[in-house]
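Colleague: Residues per chain, in single letters:
There are 2 protein chains.
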Amino acid sequence: MSANDLKGFSLIGASRGSIGGAVFHGVNPATGESLQPIYHSAGAQEIDEAVQLAAAASADLARRSGTERAALLRAIAEELENARADFERLVPLETALPTARAGGELGRTTGQLRLFADLVEEGSWIDARIDHADPQRQPLPKPDLRSLLRPIGPVVVFGASNFPLAFSVAGGDTASALAAGCPVIVKAHPAHPATSERAGLAITAAVARCGFPAGTFSLLFDAGHEAGAALVRHPLVRAVAFTGSTAGGRALMDLAATRAQPIPVFAEMGSINPVFVLPAALVARTDAIANQLHASVLQGVGQFCTSPGLIVIPAGPAGDDLRDRLRDRFAASTAAAMLTAGIAQRHAEGAAQLGRRDGVMVLVAPAQAAGTAQPNLFETDAERFIADVMLQEEVFGPTSLIVRVRDDAQMRELAAALPGQLTATLLADTDDEIAAAALIETLTNVAGRVLMNGVPTGVEVSAAMVHGGPYPASSDARSTSVGTAAIERFARRVCYQNLPDALLPAALQEANPLRILRLVDGARALR
Amino acid sequence: MSANDLKGFSLIGASRGSIGGAVFHGVNPATGESLQPIYHSAGAQEIDEAVQLAAAASADLARRSGTERAALLRAIAEELENARADFERLVPLETALPTARAGGELGRTTGQLRLFADLVEEGSWIDARIDHADPQRQPLPKPDLRSLLRPIGPVVVFGASNFPLAFSVAGGDTASALAAGCPVIVKAHPAHPATSERAGLAITAAVARCGFPAGTFSLLFDAGHEAGAALVRHPLVRAVAFTGSTAGGRALMDLAATRAQPIPVFAEMGSINPVFVLPAALVARTDAIANQLHASVLQGVGQFCTSPGLIVIPAGPAGDDLRDRLRDRFAASTAAAMLTAGIAQRHAEGAAQLGRRDGVMVLVAPAQAAGTAQPNLFETDAERFIADVMLQEEVFGPTSLIVRVRDDAQMRELAAALPGQLTATLLADTDDEIAAAALIETLTNVAGRVLMNGVPTGVEVSAAMVHGGPYPASSDARSTSVGTAAIERFARRVCYQNLPDALLPAALQEANPLRILRLVDGARALR
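Protein chains in written order, with the working numbering: chain A, 1 to 527; chain B, 528 to 1054.
There may be inaccurate statements among the hints.
Restraint-style ranges between C-beta atoms, simulated for each label pair [stated by the list, open to error]:
hint: 1; chain 1: A; residue 1: ARG233; chain 2: B; residue 2: ARG884; range: 28 to 36 Å
hint: 2; chain 1: A; residue 1: GLN52; chain 2: B; residue 2: VAL916; range: 15 to 23 Å
hint: 3; chain 1: A; residue 1: GLY20; chain 2: B; residue 2: GLY886; range: 36 to 44 Å
Pulled from the structure, derived: some chain B residues nowhere near chain A, Cβ distances all over 12 Å [unchecked claim]:
hint: 4; residue: ASN609
hint: 5; residue: GLN663
hint: 6; residue: VAL889
hint: 7; residue: ASP935
hint: 8; residue: ALA936
Honestly, the hints are just simulated from the structure, not real lab data. These numbers were taken from a predicted model, which means no experiment stands behind them. The C-beta atom is built at its ideal place from N, Cα and C for all residues, glycine as well.
Isolated chain A (complex conformation):
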């Protein structure tokens, strides 16, 4: 298989979609040129076929052992690595992201697949619980009860625009759903169709190689929103995962809520990722903080979910100094191509709108050329920020708003007024510790991840990670889309009462043949 195999058709299990629907092209955002091949939108029948295949594969996938699922996830990682040269060519072409980023993101993507492989191979994630019977109990005998987490069924994943590998076709949502034992139908993001198709081919090759049913994975292309909506409405779909804008995520949530049988939507959406600069740190390392924040806002042309869109700085000369240094660095930064012309246009409009709000001072706001973004920086005060919800909305791209606060108390007041966030960051020194402790308590209610003396960009994939947060950061604050806990989104607990050992899943049999950690009569045990 090679990039020459790219055909521009959906992957319906092991088959190809057909000509019929609207067509579209990938576009090189750096040049505006249309790319080959032509992509064909999936029709209603193809969408239904993909879901039917997935539903038919559900029972097979649910029966597969953790070892088998791990083998599939590792095979996908290998197939993706085999396509490294293709991704290093296609990703920059379709997204204007640099080649090094394509390679780095591929490493993150395969690492993520292997992390889930290790998790399900070990097997304890299913949280097996056993409560033994007590026939003598008064007033009623106690039954034998055993439960575990089981896959929920077909999951629809929407590829994100900004991580063409790690949050797209073979990204974290797909990895965690397959790990849980759920078939996956990906709706490709139209901004990187060739990258999507190449990743899809890697997955279908791995599915075939590992002897999984064809319905384990499908990839659907669509020029617009129809295929996505049809998937969310399809009665056999059991959950939806999405990374993107608040408007897009909310539309899917609303659609799923009006189904005859509502299903959960796990949408990771908008966040302005506040950074709080505390007084002692501000004085001790003004220049280092300016460098750190400038680099974080500009990373990936600001096209990260965790890009810091809000920088909270104390009033006074030290704060003025940091503000000025940030202004100088932002002003000296050059334009860069964004992922798509549309994203660049929305960035330019969002930044312009921010600059026009009452009480907002423009620090840096260069004219924006089509398709590109040049960093913007604005400043306002805490009263204004708290009162104007428009100032609390994400502008996706390299744009940030500085908010000046009178004192620690006003910093906390601002923190408490924030809508839900993916992250909240404190830049604090030892002398800031009392203020920091109070702020952390407040921010714990606001954000999914609270971090100190770092930058929010860069999301580690590990057991403890949370990439989620109260609405509108995500649709369900109780979930994460990154890290091993992401698997819990796609599993439900099923209980078996008084079943003979032979009829129980291996994970619940008395002898614990899988050697997993279980909760037995209230105590964690390997027995």
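Following the hints, complete the assembly by docking chain B onto the known chain A.
Modeller: This is chain B only, laid out in the frame that chain A set:
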């Protein structure tokens, strides 16, 4: 405190509601007589006050240790036990349930509170995870990441009609939400207001005794649906728990989904709880099965969420024999008062409707006197049952539908066609094992709990229990409303990155001062 303290007003934290809203009475369903005192519906201002108090108490509750929360839960159990005589008088008066049931349900309620007390005192339920830093890692250093489950904030609990203690004011939803560290606002079920007020007084006494903030608990009365709707719409409420009808639960789901900030609704709703009688068991113990099923359908006048409304029996003479024995037992059963006149009326209407469907044969369908239910039994075939969704809907009360199946294959076909269920039961002998294994695999996709050679009525409160299931059995198949896993509904994971040890919650500090089981660098450890 005594039953003489019942005033008929809402409990807004430590204060009492006021005269103003619509009034209503408890009613003795056995006699139709109105009971004292008069109950006053909570007004819009009182509702807002209760939620504001809860929101203000949230931070305090989140800070409380597991030991402190355990003390509160045990104090509530003690206060409830101190009111045993009141409950043994009030419950039968308001619900027509027998005194022994009131006592038994009180034991279940206090046992449940103490189970959650043990869980949070031990503390490992918060699933603390630690991934240590690796500053040397290439290409990027690895940060220190630590996460745990934290309370989500104010929870609204709707008391159920059918378990005036165990699924009501101080029931499983309240116990699990308080255990998680969430303030609770209960909307009392209007069918047992005095029982509700008495339980509410027990909780407020415990809250005061344990030094918890008054906003920890409020109890609101309402003659209609307005207070409940206002609570679900209130912007400071973070989750909803409900047990009742599918229509009621769906209305709350729809309301919550249209909020500016949508919140999860955990609704435990309708279920027909299919029972499958397999061929060998059918022949081996026809009479015992008839007795067992008859008793299960009639238990509590059929007013259990897990009452078997569907009995699947093979065609042929042995099946005819079981059908006839069931018919004889149902026909010989007497009428009993239901929880309310409305419930009795809906039962009579539902049973009559079932009997009028095409292809449904009436086996037992006595005239129903107002306020009471006399058992009904109907029969149809599998084709008819699968084709007619009306036959798949719950009739709440002592009414059951027998469906005859040709063979094992049709039994599986019927199982696969079922809407989501709380439970599915197999009555099977050793010789049924092959058919049973196939059926269990199918039913695992349909139900939250699959049980064998028992009856679904009677829901154990333990770690492994699942009381939930795919929609419409519950709003979210990934949750349970009974058992210790119920606490997970009210918690969200929060991650801390690179925080100094002193600023971390105790559960995440390096020395593990709480001695809880944690996931450290991928391995479960007490260190």
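Colleague: Output the indices of the hints that this structure fails to meet, ascending.
Modeller: none
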